[in-house]
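> Sequence:
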Amino acid sequence: MPEAPEVETVRLTLDPLIRGKALGTPWWSFLPLRNRVPDEASFRFLVGRPIRGTSRHGKVLFVHSETGGLVVRLGMSGRCLVQAQDAPLAPHTHLRWPLAPGETELRYVDPRRFGDVRPFVDEEDRATVIAPLGPDPTTLDQPAVAQAVSLALRRTRRSLKAALLDQALIAGLGNIYVCEALFIARLSPFRAAKGLTAPEATRLLAACHQVIQDGIARRGTTLNDYVDAEGRQGDNQHHLFVFAREGDPCHTCGTAVRRKTQANRSTYYCARCQRAR
DNA sequence: CCACTCCTGCGT
DNA sequence: ACGCAGGAGTGG
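Here the working numbering is used: the first residue of the first sequence is 9, the next is one more, and so on.
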């Protein structure tokens, strides 16, 4: 579900609802998340401490306490919600943190359990989460960042699609926004990254920046069940060029959008606007 | 580079 | 019943 624009929208809506509130004792479902639900003791140092704010890198959301905080990865189907403590529980609610003062709580809901919530103890710990990740796509408007990514991109033997999905190269793009960026840059998803010219790479990274910024401005893409921290849907699904539009006419040339399986995932593209060479 | 895995739910 | 789903990791 969530790529950088969805996670950023969750963060923007979550922040004012939790900032300054104290985390209560967590309740959890005991079902394993991606890395097992941590034992209660690992969360205990956060209990009673106020939340200072939130941050994000790529698809990873951080909730900051006085020292340390929470690392939240939404996986495919994770939701981070703030709701009244007496509001009905959605199926697959795995974590609940009462927030004081007030009657609300922070809830983590994740049917597929590909996501993860765990504590980080200090900035050094948090840095280990970010270290393996490339720059956030919102920073691609800085020439030095774009230049560094461009060089790395043109060094890999993989397809453009696979390269852009690699969080070590750029952190935050997923299947939707990669397909969209490649369409905007008029580049084939199947082309080898290595074969890109410098101007093509520049064009592509500008497109990546654009789709992410537009996605944030439109509060994310709700195809099935993505919602922000207040339960509101996004808007960007009405502005997609190719993703989930198999058989529909390309907005540029009218050719039917195609879907092909690439590395076990769907790639949507316009075969006319995005020539392989 | 691909295939396959973790899970549940939904549309055909 | 089957294929597919916005992620990420592993192993061949």
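No wet-lab data here; the hints were simulated from the structure.
Any given hint might turn out to be false.
[Stated by the list, open to error] Under the rule of at most 20 Å between Cα atoms (straight-line distance), these lysine to any residue pairs were calculated in the SDA-like manner:
1) LYS29 <-> ARG57
2) LYS268 <-> ALA279
3) LYS29 <-> PRO109
4) LYS29 <-> ARG52
5) LYS268 <-> ARG283
6) LYS202 <-> LEU107
7) LYS202 <-> ARG163
8) LYS29 <-> PHE70
9) LYS29 <-> GLY76
> Take the hints in turn and mark each one as holding or not.
Status of the hints after comparison with the structure:
no.	hint	in the structure
1	LYS29 <-> ARG57	8 Å, holds
2	LYS268 <-> ALA279	11 Å, holds
3	LYS29 <-> PRO109	6 Å, holds
4	LYS29 <-> ARG52	16 Å, holds
5	LYS268 <-> ARG283	15 Å, holds
6	LYS202 <-> LEU107	50 Å, violated
7	LYS202 <-> ARG163	6 Å, holds
8	LYS29 <-> PHE70	15 Å, holds
9	LYS29 <-> GLY76	15 Å, holds
The structure is inconsistent with hint 6 alone, although it conforms to all the rest.
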